[in-house]
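Asks: With the sequences and hints as input, model every part of the structure.
All residue numbers for the sequence shown refer to my numbering, where the first residue is 2 and numbers rise by one.
In case anyone wonders, no lab produced these hints; they're calculated from the structure.
It is possible that part of the hints are untrue.
Said to hold, decoys possible - In silico DSSO-like pairs for lysine-lysine, Cα to Cα no more than 30 Å straight-line:
(1) 25 to 49
(2) 25 to 56
(3) 56 to 17
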Amino acid sequence: MIISGILVHAQPSQMKDVEKLLTKIPGVDIHETTPNGQLVVVVEEDDKNTGAVLKDVHFMDGVLSAALVYQESLPDSVH
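Replies: So this is what it looks like as structure tokens:
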């Protein structure tokens with residue numbers, strides 16, 4: 002299992018739209034949001050697709066930036 006943390010900065014006026022788009026991605030959980038457009042997103046997945054998820058988030062409408070801030074690969078027996 003791969004666990005990744007992504008810090009997303011969105012247009013504050015488009016936060017709700019960005020949140021809806023993020024929740025449609027399998028394995029994505031929004032753990033924190035701020036009124037100024039920042040979201041702390043955790044991605045849990047079984048394959049090595051973190052780069053594709055990060056790219057998809059980065060190019061979402063309303064997203065100003067998305068940065069991978071944490072990544073850990075756990076043995077399958079841990080989860």
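Asks: Each hint: holds or not?
Replies: Quick rundown of the hints versus the structure:
For the given pair, residue 25 sits about 19 Å from residue 49 by alpha-carbon distance, which is consistent with the 30 Å threshold. A C-alpha spacing of about 15 Å is found between residue 25 and residue 56, which places the hinted pair at or below 30 Å, so the restraint holds. A threshold of 30 Å between alpha carbons decides the hint, and for residue 56 with residue 17 the separation of about 20 Å falls inside it, so the pair holds.
Going down the numbered hints, you'll see the structure goes against none, and every one checks out.
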